[in-house]
Each structure stands twice: as structure tokens, then as C-alpha cells.
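Turn these sequences into a full structure, and let the hints steer you where they fit.
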Amino acid sequence: MIASASRTPEGGYIGAPVPRREDARLLTGRGTFVDDLPMPGVAHAAMVRSSHAHARVRRIDATAARALPGVLAVVTAADVADIQKPWPARMPSPVPGTSVRHGVRHTLPVTKVRHAGEVVAAVVAESRALAEDARDLVVVEYEPLPVAATAAAALAPGAPLVYDELGDNVAAHIVQRVGHPEQAFASAPHTLRETVRVMRGGSHSMEGRGVVARYDEALDGFTVWDATQAPHAVRAMLTYLFELPEHRVRVIAPPDVGGGLGPKASVYPEEVLVCWLARQLRRPVKWIEDRHEHFVSAAQEREQIHEVEIAFDREGRLLALRDVFTHDIGMYGALVAPVITGCTVPGPYRIPNIHSEVRAAYTHLQPSGAVRGAGRPQGVLVMERMMDRMAETLGLDPAEVRARNLIPADAFPYDVGMWFRDGARLVYDSGDYPELLRRALELADYAQARREQAALRAQGRCRGIGVAICVEGVGLGPFEGAVLRLDGRGRVVVTSGAPPQGQGYQTAFAQIAADAVGVRLDDVDVVTGDTAAIPYGIGSFASRVTANAGPAILQAGAALREKILAVGAHVLEAAAADLEIVDGAVRVRGLPDRGVPLPQLARLGNAGTAFGMVMPGGLAVGLEASAYFAPTQAGYSASAHVCILDVDPETGEVTIVRYVVGHDCGNVINPLIVEGQILGGVAHGLSNALYEEAVYDDQGQSLASSFLDYPLPSAREMPRVEMFHLTTPSPINPLGVKGAGEAGTLPVPAAVAGAVEDALRPFGVRVNRMPLSPGRISDLVHAARGSS
Amino acid sequence: MSETRAITLTVNGQARQATVEARLTLVDLLRDEFRLTGSHVGCEHGVCGACTVLVDGEAVRGCLLLAVQADGRRVETVEGLTADPAHLTPLQAEFVRHHGVQCGFCTSGILMSLTAALRDNARPTEAEVRETLAGHLCRCTGYQGMIDAVLALVADGSRP
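Keeping their order, the protein sequence lines are chains A and B. For the first sequence, position 470 (counting from the first letter as 1) is numbered 469 according to numbering that gives the first Met the number 0, and the numbering increases by one without interruption. For the second sequence, position 83 (counting from the first letter as 1) is numbered 82 according to numbering that gives the first Met the number 0, and the numbering increases by one without interruption.
There could be a bad hint or two in this list.
Going by beta-carbon spacing under 7 Å, a handful of chain B positions derived as facing chain A [to be verified]:
hint	residue
1	Gly41
2	His44
3	Val77
4	Val100
5	Gln101
6	Cys102
7	Phe104
8	Ala133
Don't read these hints as lab results, they were simulated from the structure. The C-beta atom is built at its ideal place from N, Cα and C for all residues, glycine as well.
Printed below as a string of C-alpha cells:
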């Protein structure tokens, strides 16, 4: 059923599959992506990037580039000395007693470059083509230095240092412990150990990064249009570097940003340089990342090596977990992903004793950040690999082993005993994991699938079934805000800080606001991602916006409704309690003729015209309300996936036969949007499981920097996904929502790894490294055959 | 590199002229000279399909064709699918209904490929729809919504 936007449905808009209001402009080619914005007089920037992963920059000769007609400027570190302050430290460790170590980084490298692709100079010209011509004429003389291209290389004794001042390459060493793991391991009937590796990958939003900056000389300030996930964070960096007050730096994420998926939540040197150049040239300056640049300079994630060990009893009950892993943080990055990984490993299982330990290492690779999932898919993979191995060891069904260890539905709130990435305790707010698993198995017709598998195996065919279940920390704070007002047209305008990159905030925010204020959806406008429109915001990442901005909109909406009714009560000479908002007017309940249309009421409340020179006593000025919602902790969504697939042991090709998703993100604002988020997440997870890998050589050079070398799944590779929702509302916010943006991604590598190993069980293949490209699967089969 | 040529072409039914550098790509001509910014540039090496437009009815990569190669030819872009954004075509309307769009960056190219394919075969199977879409990358949707949109259109018997 599709809800109509012009009438209030029974029970409100929240929860209804309202079609997105963003769609029409996007489907007709009238979107507002950063590179689509009309920008008269704009000059175009191109970046000169390091060809070495680690080198001293001896000399930059831009003579030939500057001489090219149409070139406006070539700038190096020396030219931008006025903003060459050390970049501020990123996130502190959320785990008490541990710390994060930051090296000193500048917008342009002062002495040495730290990754191949790092910006060393910027060129501006009348056209992008000219800027790129000139870029190729800039001569940079390097003195190459030894490279640490993996976490293992970076942590080895005598490794080349990414930041000399740190003395080693350890960005953080974080240990979290629950119970008495050593004793549990020593006395356990069974233990199992495995090494699990996950390789680097990127986000590859279809639109790369991009920014246009305009300097306004009269105001000594900037207006910056930026395809970012976090405009307020970009403003913070610019105000710090340029030493400007917040009100003179306006950062706007255009209403349409072509995907983000993590990397656009970071701030990059290009955003700073474009502003500096716009001020220098007194012209708007634009830089649009091309795909190759995205491969070599946008943040990546995922690379970890886990040494994991579990202890369990004869009935298949977990007694202890030990997970010691390294995380490649690149030459710069926050510790978001590795901290989340450590907290994701225990998942939906009762584990009384845990030792979790991560060493994050600086390497001479491009910065790390979060990529859809942000450390969580690795954690799920690690735990679920071990659950499969436990089942194998005990001769039990993998689904049964999981069921025996699930946290029961009556155990919430459930304290895992660790600290989460948001600095709060890792306490699951709500969930029903046994029911989630039961329904996933039911939808997949699991028992029948096992019978079919046995029949196929008897024919020599390799059918595998993988089951994965996980818990996902979502809705992280610290806050998001909302300003709601009734404007002069009688329309409710919702302003919130976090910008969308395809998640449909213009629709979902309008649904919440319409219900909170009590107006029609068609009477609501939504403004996002503009630092001039709302003073503070955090951004779109960590599956956090609905759980932060949503309650803020709800609270501000209720306050705005009160103000509207107060003015209505004055005008209609009735008690506010007797008023209702119907069809764009405030009316006295039961007296449809006694009403005042919202535009008229807005003029009264905002301008006071009908009240003469003085506002009547007790009436607040301005039909406007703001609220900031700060959750006390993260919420915890959950997923259960079942993957049924066939493997061709000769070619290594995988064919997905069925893919079932069970998902619980608490209450749902718009099921159409939530399902879309899950489907996209599954595609990303499948890509991580089977296809994409950012490969580097030992000198830190990218060996996969085009879509020809780095495959993403198309509609031909993607299976049809069958999905159901379970709803356990979150108690930590008034909407009962959690988060869904990354959920689909999390269990896919685990489910696929389990299914592939299951399919190839007759060969004794062990899957412990992702992704599983056809070549790698084929190698695994041949190696297993050779050793048997 | 600065060699220029005058070209004449039809874009969405309108005769257009331009003097272009020989190296200018068709998508840059459409976006930068004609301000038809609905066609997007996602990879510049012919893989992602975001820049797909129709030239003489054939779906082509706007980033791989030079503007001069479009001289004398008929170009269709997403902006030409409907004259009035308030009145979507049946295919566009099904994309809304089935949530076939998220960020929307890849959508224009996908609509153009589907438009060409549906002119050739108005009743494609799911496998054929997937084959048509296989020339495009979308990182948001997992493709399922757009596939369902096309299948709904086919089931309904509507023209795209």
C-alpha cells in the first residue's frame, strides 16, 4: 500500500512506505550533485599526487605548468604556509586506560609524502582539461624511502616509520577483557584456533568526492559546496586552519550527493586547498575527484588479520573467546573501524570470558576510515567462521550450534562487558535473536535445503549453505539536531545537520515532522547539510541519523505544534486543548467552520501584524522550535542471513541459489527506504565476499586502480534477496528506531564464507581469507586436493 | 590538443551546434556546453555506465565517445525522456514505486540503457533485464528495485 502524501493516513506517516520525494528530480536528470551546480566563473583544480608511497620531496618545478596558457596557479606546501597547521587529533580511544597516537600531518606534506597518491601540489586552470595538462607538466623530484605497505611490515622491528616522532608505527593498542579467559581456555574440553584475513576495500560511491569553494571578499568568508557526509566537520577543519569564526564558513552538502558509504565522512586536503585557491584567485574553484583518484586517495578500510581462538564444551556452548588482531590504518585515520570490530566479534552469543586485543598500525598506504559496515563485517566473519568450525568439530548443524549460544530474548538489556566505539558500555538495548534465526531458517526452508544439498553432493555437485547472525552497534551519538519552523507560506520547514547520500532524508524526515506537528506530508519541506541553516551537526555515518535526527525532529515538532496551537488559541479564542490541525488549518475541534489557515497563522505568529505593535501577553514570538537529541548509548540492530550457493570446483565460480535476510532495526520509519538500504548493503557485502580487493605491492603501489582490476557486482551477479523484518523497538529513543544503513553488509562475507567452505567440504577446503575470487577458490580446491 | 571542429547534432529533438576540441568527450559536451547535467561521470573508463546516452538510438558510453563522433547524429539524454518533471514516464514512475533510485547518480544512464532495450524488446524476462543492467554499476540499490520496476512495467503492458 502506498500512502498518499496529501492526506494524513490513519496512524500517521511514520511506518508507511511513502514514495520518496527525491525521486522525480533524480529520474528526470535534474538532480543537484556538486558537479551539476551552475557556478559562473569557476576555475578548475587538478591535484599533483605523489608517485611514491614514502619519499622526501626534494624539489617541485612548476615552471612549465605555469607557462601553459590558461593556467591560473600552481601551489605547493610553501605557497600555502599560512594554513599549514598540524591537523587536529582525531577520535580519542573510547576504551578507558588506552590511547590513540597521532602523528603530525599537514594539508600538504612538509617534508615527506606518506602514500602514493598523496597531494603534493595543486594546479588551477580555466578548464579541467587544461588543469590536467598542466598537472602532467609539474616535475617533482623525490628521494624514495623504505616502505611499510602492510600492518605486518609496519609492526616488524626496524620498520620504516610513517611518523618519525612516534618512534614506531603503533597507532593504538587496545585490550578489552571480560571474565577470566586464560582460566576458561585452560580448563575447556575443546578449543579451536584460526587465522582470518580480510583485505582492503573502498567505498566506491558512484559519485567520487567533489568540492566547489567561493570566497566572499566583502564578508571575508567562504561558501563551500561539498559532496560530504559531514558538513559541520568540514567547517570545523576550515575554521581551524583559516582561523575564521564559524559564521564565516558556510559548508553545504548539496541535496543530492552520489553515495558516501564512509569515506566522505572524512576531511581531505583537497577541500582545504580549493578554499585557499578560491581566496587567492578571487574566483570559485572546483575540484571533482576522478575514479583513479578515488582509488588512490579516498579512505579505505577492512584490512585486518585476526588470530582467533574459542573454547567450548561438549554440547557446543561457548566458554571463552580470544581475538588478537592487527588493523591497517594507513597513513592517517580514525580508530572507528578496529574498535567496532573488536566489539562486534562476540555478536549475539553469550560468551562469559573474552580477551579482545587490537594493534592498529600506521602504514604507507592511503588513509583509512569507515567503509559501509565500518569494521563490523570483519568481526562477524571472525566469529561466524569459528561457529562453523565448532559445529564441524562436534558434528552438529551450524544453525543448531548458533541457536545454543544465542542471548535469550528475556536477557535485555544485555551487558557484553566491553566498551563500544561511542565511549559507552557495550550494552545491547533490545532484540530477539532466537526468533530472528528461527524465522530466517524457516524462510530459507533450511531443513529442505540440507536434504537437497545431500542429494546434490551424492551426485558430486558442490552445494553449500551458510548461516550468519550478528549484532550491530548503530545510531551512535553524540547528537543530531533539528530546527522546525512554520514559514510564511504556512509550510513546516525541517532543518537538520546530517546530509543524505541516497538515504531519502527529505522523505523520512518529512514523515516524522508531519506526524509530530500534525500536518500533511505535502506541507513539509526538508533542508539538510547546510551549516548556515543549523549551527551544529555531526553527520551521516554509523547508521546513526534516524536514531539521532529522528527524535530531535519529533521533539522539535511537538514544541512547534504547541506554539502553533497557542497562536491559534489566541486568534480563535479557544483553549489550545480544543484545537486540531486539519487540511492546512488550525480549527476548533467539532467546529470545522471556526479555523485559521496555517499561512495566516504563520503571519500572525512570526510577524505579529494582526497584533499591532505589541505581542499579546504570553504568546512567544516566532513559530520555531529546535531540539538536539543525544542518545545515552548506541542501539543494537541484528541480522540473520542464510546463503545457499553452488561452487564450480574447477573454475571457482560461485552461483548464489538463494539469499535470505532477516533484519531487526527496531521501529521502521519508511519500510521502502529501509528495505532499499538492506538490499544495497547486501550488494556491498557480496562484493566484499566475492569480488573487490584493493591490492598493493610491497612498495605501496596500487595494483587495482580501475574498475577493470577491481570488479564490483552488476545486476548479473546479484541474486534476488528475500527479506523479512522483525521489530524489537529500541528503548533508548522515543521513536524506538535503531539503524539500517550498513546492516545488509555485515553478515554477507560470513554467510558466503560458511557456504563456500560447506560446499567444498568433500575436498576439506578451509576458508579463512576474503574475498573469495574464483581464482582463490580454485586455488583452495587444488591445494586441498594436492595435500589429500 | 587545441584543434577544434564545428559540429552539428540533434539533442533531445533540438538541433544544436558547437565548436569543440577534438579531445572533448560527448558527456563533457552535454554537461559543460549544453548544461544537460543529468548524465553523470562515474569512472571515465567506460565501466560504470553512469554517462550512458543514446546516439542514433543505441546506448553508448558518453565518456568513451568523442563529441566530434556525434557530429550529424541524434543524441538522447535523460532530460529528453519527459518534457515535464512533474509527469514521469511509466518507467520512471515504476522506479519511484519500487524504490529503484537511492542516490540517483547512476540512474540516468540506467534509464537510457533500459529505454533502448525496451524499444527493441518490450517484454524482457528478468534475466534479460539483468543483462541490460549488467552494463551499469550501482552501489546503493543492489539493483533489485530497478529490476522490479521494469518487470512491473512489462507486466502492466505499458510503454516505457
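Hint check:
The beta carbon of Gly41(B) comes within 5 Å of a beta carbon in chain A, closer than 7 Å, and the hint placing it at the interface holds. Below 7 Å, beta-carbon pairs count as interface contacts, and His44(B) has one with chain A at about 6 Å; its hint therefore holds. Proximity of Val77(B) to chain A holds as hinted, the smallest CB-CB distance being about 4 Å (cut-off 7 Å). Hint status for Val100(B) relative to chain A: holds, with the closest Cβ pair at about 5 Å, below 7 Å.
Hint on Gln101(B) holds. Least Cβ distance to chain A is approximately 4 Å, under the 7 Å limit. Against a cut-off of 7 Å between C-beta atoms, the interface hint on Cys102(B) holds, since the closest Cβ of chain A lies about 3 Å away. At about 3 Å, the closest approach between the beta carbon of Phe104(B) and any beta carbon in chain A falls short of 7 Å, and the interface hint on this residue holds. Evaluation of the Ala133(B) hint against chain A yields a held restraint, the C-beta minimum of about 4 Å falling below 7 Å.
Checked against the numbered hints listed earlier, the structure breaks none of them; every hint is satisfied.
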